[in-house]
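> The chain contents come next:
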Amino acid sequence: MQVLARYLRLYFALGRYGLARELSFRVNFLVKLFVEVLWLGVLLAFYKTVFGKTTNVGGWTEPEYLFFVGCYFALAGLIEALFLANCSEFAELVRTGDLDFYLLKPIDEQFLVTCRDIDWSSVANVIMGAGVMGIALYQLDWPFDLVRALVFLLMIACGSAIAYSMLLLLTSASVWFKRNQSLYELWWLFTSLMRYPREIFSGKWASPMGWFFSFVVPILLVVNVPARLMVKFLDDYVLVAFTAAVALVLLFVSRKFFRYALRSYRSASS
Amino acid sequence: MKPVASPHDVDDAVEERGRDPQEEVRSLTQSRIVRVARKYGNILRVSLIERLTYRGDFFLSTILRFLPMVTTILLWQAIYAGAGEKPIAGFSLHEMIAYLLLVHISRMFSSMPGLAAGIARDIRDGQLKRYLLQPIEMLGYLVSYRGAHKIAYIATSSLPYALLFFLCREYFDKLPDFLTLAAYLCSLLLAFVVGFFFEASIGMVGFWFLEVTSLLYVVNTLNFFVSGQLFPLDLLPPFWAGVLKAMPFQYMAYFPAAVFLGKIQGAALVRGLFAELVWGLVFIALARWLYRVGLKRYSAFGG
Amino acid sequence: MPIIQAHGLTKFYRVTQKKEGVFRALRSLFHRQYKEVRAVDNVSFAIEPGEMVAFLGPNGAGKTTTLKMLSGLIYPTQGSAQVLGFTPWDRADAFRRRFSLVMGQKNQLWWDLPAADSFQLHREIYSLSRAQFTRTLGELTELFGVSKLTDQPVRELSLGERMKMELIAALLHQPQLLLLDEPTIGLDVVAQATIQRCLKDYNVRYGVTMLLTSHYMRDVEALCARVLVISHGRVIYDGPLARIAEQFGKSKLVKLHFENDGVPTDLERFGEVTHSEGPVVDLKVERTRVPEVLGAILERYTVVDMSVQDPPLDQVIARVFEEARVQHEASSQSA
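Residue numbers (our numbering), protein chains in the order written: chain Y, 1 to 270; chain S, 1 to 303; chain H, 1 to 335.
Hints are supplied without guarantee of correctness; some may be wrong.
Claimed, not checked - Heads up, simulated DSBU-like pairs for lysine-lysine below, C-alpha to C-alpha not over 30 Å straight-line:
1. Lys106(H) - Lys148(H)
2. Lys174(S) - Lys204(Y)
3. Lys129(S) - Lys53(Y)
4. Lys105(Y) - Lys200(H)
5. Lys174(S) - Lys53(Y)
6. Lys105(Y) - Lys106(H)
7. Lys245(S) - Lys53(Y)
8. Lys284(H) - Lys200(H)
9. Lys263(S) - Lys48(Y)
10. Lys129(S) - Lys232(Y)
What the hints assert, rightly or not - Derived contacts from chain Y toward chain S, CB cut-off under 8 Å, selection only:
11. Ser24
12. Leu38
13. Tyr47
14. Val50
15. Gln110
16. Phe111
17. Gly134
18. Tyr138
19. Gln139
20. Leu193
As the list claims (entries may be wrong) - Far from chain Y, by Cβ distances over 12 Å, these chain S residues were calculated:
21. Arg124
22. Leu163
23. Leu210
24. Val282
Hints in this document: simulated from the structure, not taken from any laboratory.
We treat Cβ as the ideally placed atom computed from N, Cα and C, and that holds for glycine.
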């Protein structure tokens with residue numbers, strides 16, 4: 001408990017100073033915020049245009065799909081706000097050797113490498129995404145169900161954990177792939193798989209692919225499971241349990257891999 | 001996450017720092033043809049070596065680059081299924097997917113990663129003085145440098161893209177005739193001109209404002225939509241489609257792809273190409289004017 | 001009880017050979033070639049609490065690598081070490097709280113924040129109590145003379161001031177051991193002297209053990225009584241600074257002041273004339289020949305004043321490194 005309190009205090013301090021720093025570049029911050037709004041606008045324009053020409057996508061009706069878009073935007077925003085910028089610096093830290101300084105502190109290295117800064121402009125994405133989800137629920141005349149909402153939040157947490165773990169696995173690989181293959185690029189590819197309902201993976205060669213990305217490399221579960229749970233009322237307890245289990249397993253595996261990568265870094269650096 | 005860092009932009013990024021001033025002075029004293037040949041040869045050689053050196057990276061990025069294409073194809077299949085398999089805005093499913101593939105090719109010609117930022121940086125760092133002291137004109141130099149780099153990039157990307165198009169050949173129901181192909185190539189070359197001078201103009205804003213990167217961010221996000229990279233502009237309601245088709249941004253993605261697919265024919269095609277040419281000239285003039293005016297301001301303030 | 005004990009510390013690296021040209025690059029895509037580099041070779045030493053010890057050596061000698069092994073940042077290929085009672089590369093939490101590593105020209109502080117904010121973060125990281133933190137910070141800023149600068153963003157400070165802030169941050173949690181890697185590199189002479197003075201004061205006041213690497217003799221002379229000379233990964237000398245000249249110096253510097261019109265012109269047969277200005281001549285004489293040479297000169301000429309000194313330390317060291325390098329190259333070629 002004491003350890004948890006300590007890390008929370010440290011996290012608040014980091015967040016506070018990070019916000020102060022980001023606000024000192026005020027124009028930059030506002031522009032980033034504006035761009036995020038624009039990006040949501042682009043996503044919504046795409047959604048609106050598509051549904052002007054079709055009635056459903058993979059079995060998702062218009063308001064259901066809107067919820068999916070909001071869910072995706074919020075989840076991606078959450079990862080971008082908390083972890084993405086930190087992880088993308090890792091390759092540079094390895095290259096310059098500045099990673100050493102994180103290794104010297106009496107703080108868990110994974111915490112320092114992945115959590116040290118909050119990207120406050122992406123926090124707005126979470127709020128906007130939540131707003132979009134709210135609108136979609138209103139359009140669906142969603143019957144309020146506390147249990148469902150709580151399990152939904154749990155699935156959001158699990159989805160975030162899965163995305164975080166995959167991000168950590170990619171980040172750790174930077175120790176060996178010495179070129180700065182920008183993590184942002186890889187993350188962009190990753191989110192492109194997360195962005196659409198699982199149901200589009202139907203057909204002769206797509207189905208196995210969908211199965212692979214659901215149960216072996218479970219990217220497709222990240223947004224799909226919470227969204228489906230909430231608006232499609234598919235009470236697939238097995239899938240929910242599986243998602244939770246996978247999240248825990250991936251957190252464990254990614255941490256192990258990260259520590260393995262650190263060991264390798266420490267054997268090789270000079 | 002904004003699509004400003006597509007695989008294109010990373011691979012194609014020009015290492016601005018790699019420019020060697022000594023090399024440039026030396027090259028100025030040689031005959032023009034030798035200069036050009038040497039420069040192209042050099043860039044090509046360096047790019048090839050660079051790609052081969054980071055071997056794990058090379059294989060991985062080739063594979064991962066095409067993953068979003070797969071999800072895009074699947075998404076549109078689902079969209080068409082929901083629309084009863086009927087054509088949407090005059091595009092059949094096959095044409096839609098062919099369009100999205102062709103947009104990649106358009107972008108290969110029209111995207112200029114790092115150009116505006118590089119110009120702004122040169123202005124800020126004072127590297128601009130180099131162009132003032134030496135008898136080389138900045139825009140001319142950048143165009144030829146970027147052009148050579150594009151050729152190298154297209155050369156090294158041609159194999160993976162050829163593979164991709166081969167795998168997706170079923171989506172190309174008919175290939176364009178010779179005339180259409182010629183028009184298509186014209187539109188691609190002009191797309192390079194439009195793309196280059198548009199980005200260069202944005203870079204010139206660096207003479208007046210420090211934070212060009214913020215502006216770029218906004219422009220790129222908007223451009224992603226209005227240039228037709230998400231879907232053909234014909235999908236939009238007629239009013240908006242008309243507005244966007246009157247703007248120059250369509251030439252950076254939508255127009256060449258539509259030409260290839262035969263969506264723009266006859267008189268409309270000629271008009272379109274002509275308009276593309278005009279826009280190209282407009283941007284050339286704009287960039288040069290901004291450069292001249294900006295330079296005056298720059299010298300006045302001592303830089 | 002030594003605070004640091006190293007036994008046979010060794011570190012080898014495998015370095016890939018990069019090839020020039022397109023065809024060779026193609027070939028290396030499928031078949032890589034390696035070369036083995038011995039960064040640290042069987043290094044052993046012991047350091048007592050409160051000592052100030054220098055690792056002296058040319059670039060690439062293995063000083064930084066040794067320091068990193070003692071910090072636990074690198075695993076050794078062979079050998080063992082005990083630092084503050086811990087095995088460094090286990091990186092126990094308790095171990096990391098008890099020492100600090102500062103690297104010259106590398107910035108640990110947050111760049112855009114005032115140093116004071118970085119210090120506050122340090123406080124959270126090391127879980128220091130408010131009272132202890134405030135007191136320690138006050139003492140340190142006074143010692144380093146930067147009390148008025150802590151509210152400025154770090155990027156606005158000069159190099160010397162930045163280094164002082166780095167050192168303060170390193171000492172906030174009152175470590176028992178301070179490891180410094182080239183701490184004064186890149187600083188101007190005045191800043192170097194200030195840092196040296198502050199470190200010396202701190203060592204005297206709090207008895208913190210300090211281990212520093214440098215290739216500046218001035219650092220070493222100002223701070224450390226004991227020196228470990230490292231070359232090509234090996235320790236070639238471990239002992240007091242004063243005796244280096246004795247051990248390695250092959251020659252002595254004989255300063256002679258002759259009578260105004262009695263300056264001899266044939267001094268070359270006694271040794272090397274390194275400096276000559278009017279009646280004063282500096283003569284480099286082989287150590288063993290000094291008594292004989294002195295005798296001969298005093299016999300023949302009138303000498304007003306004279307002294308026999310060791311040559312400047314950095315010259316001695318430079319020559320030692322040069323010899324070691326030649327020897328190393330010869331042995332690696334024959335291998």
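> Hint by hint, say whether it matches the structure.
How the hints compare with the structure:
1. Straight-line distance between C-alpha atoms of lysine 106(H) and lysine 148(H) comes to about 23 Å, which keeps the hinted pair within the 30 Å bound.
2. At most 30 Å may separate the alpha-carbon atoms for a hinted pair to count; lysine 174(S) and lysine 204(Y) meet this at roughly 24 Å.
3. Of the supplied pair hints, the one linking lysine 129(S) and lysine 53(Y) is violated, its CA atoms being roughly 54 Å apart against a limit of 30 Å.
4. About 25 Å separates the Cα atoms of lysine 105(Y) and lysine 200(H), which keeps this hinted pair within 30 Å; it holds.
5. Distance hint between lysine 174(S) and lysine 53(Y) is fulfilled; the C-alpha atoms sit about 25 Å from each other, no more than 30 Å.
6. Between lysine 105(Y) and lysine 106(H) the CA atoms are separated by roughly 16 Å; this keeps the pair inside 30 Å, and the hint holds.
7. With a CA separation close to 20 Å, the supplied pair lysine 245(S) and lysine 53(Y) stays within the 30 Å bound.
8. With a CA separation close to 34 Å, the supplied pair lysine 284(H) and lysine 200(H) exceeds the 30 Å bound.
9. The hinted pair formed by lysine 263(S) and lysine 48(Y) meets the criterion: a straight-line CA distance of about 24 Å does not exceed 30 Å.
10. Between lysine 129(S) and lysine 232(Y) the CA atoms are separated by roughly 63 Å; this puts the pair beyond 30 Å, and the hint is violated.
11. Taking 8 Å as the C-beta cut-off, the interface hint given for serine 24(Y) is violated, the closest approach to chain S being about 14 Å.
12. A hinted interface residue such as leucine 38(Y) counts as satisfied when its beta carbon comes closer than 8 Å to some beta carbon of chain S; here the least separation is about 5 Å, so the hint holds.
13. For tyrosine 47(Y), the suggested interface contact is broken, since its CB lies about 11 Å from the closest CB of chain S, more than 8 Å.
14. The criterion of a C-beta within 8 Å of any C-beta in chain S is met by valine 50(Y), whose closest approach is roughly 6 Å, and the hint holds.
15. Interface hint at glutamine 110(Y): violated, since its Cβ lies 23 Å from the closest Cβ of chain S, which is beyond the 8 Å cut-off.
16. Residue-level restraint check for phenylalanine 111(Y) is violated (minimum Cβ-Cβ distance to chain S is 24 Å; threshold 8 Å).
17. Interface hint status for glycine 134(Y): violated, as the beta-carbon distance to the closest one in chain S is roughly 22 Å, over 8 Å.
18. Look at tyrosine 138(Y): its Cβ only gets to about 23 Å from chain S, farther than 8 Å, so that hint breaks.
19. Hint status for glutamine 139(Y): violated, given a least beta-carbon distance of 18 Å to chain S, over 8 Å.
20. Taking 8 Å as the C-beta cut-off, the interface hint given for leucine 193(Y) holds, the closest approach to chain S being about 6 Å.
21. Every CB of chain Y lies more than 12 Å from the CB of arginine 124(S), the least distance being 15 Å, so the non-interface label holds.
22. Look at leucine 163(S): its CB is around 16 Å from the nearest CB on chain Y, clear of 12 Å, so calling it non-interface holds up.
23. The beta carbon of leucine 210(S) sits about 9 Å from the closest Cβ of chain Y, which is not more than 12 Å, so the claim that it is off the interface is violated.
24. Every CB of chain Y lies more than 12 Å from the CB of valine 282(S), the least distance being 25 Å, so the non-interface label holds.
Checked against the numbered hints above, the structure violates hints 3, 8, 10, 11, 13, 15, 16, 17, 18, 19, 23; every other hint is satisfied.
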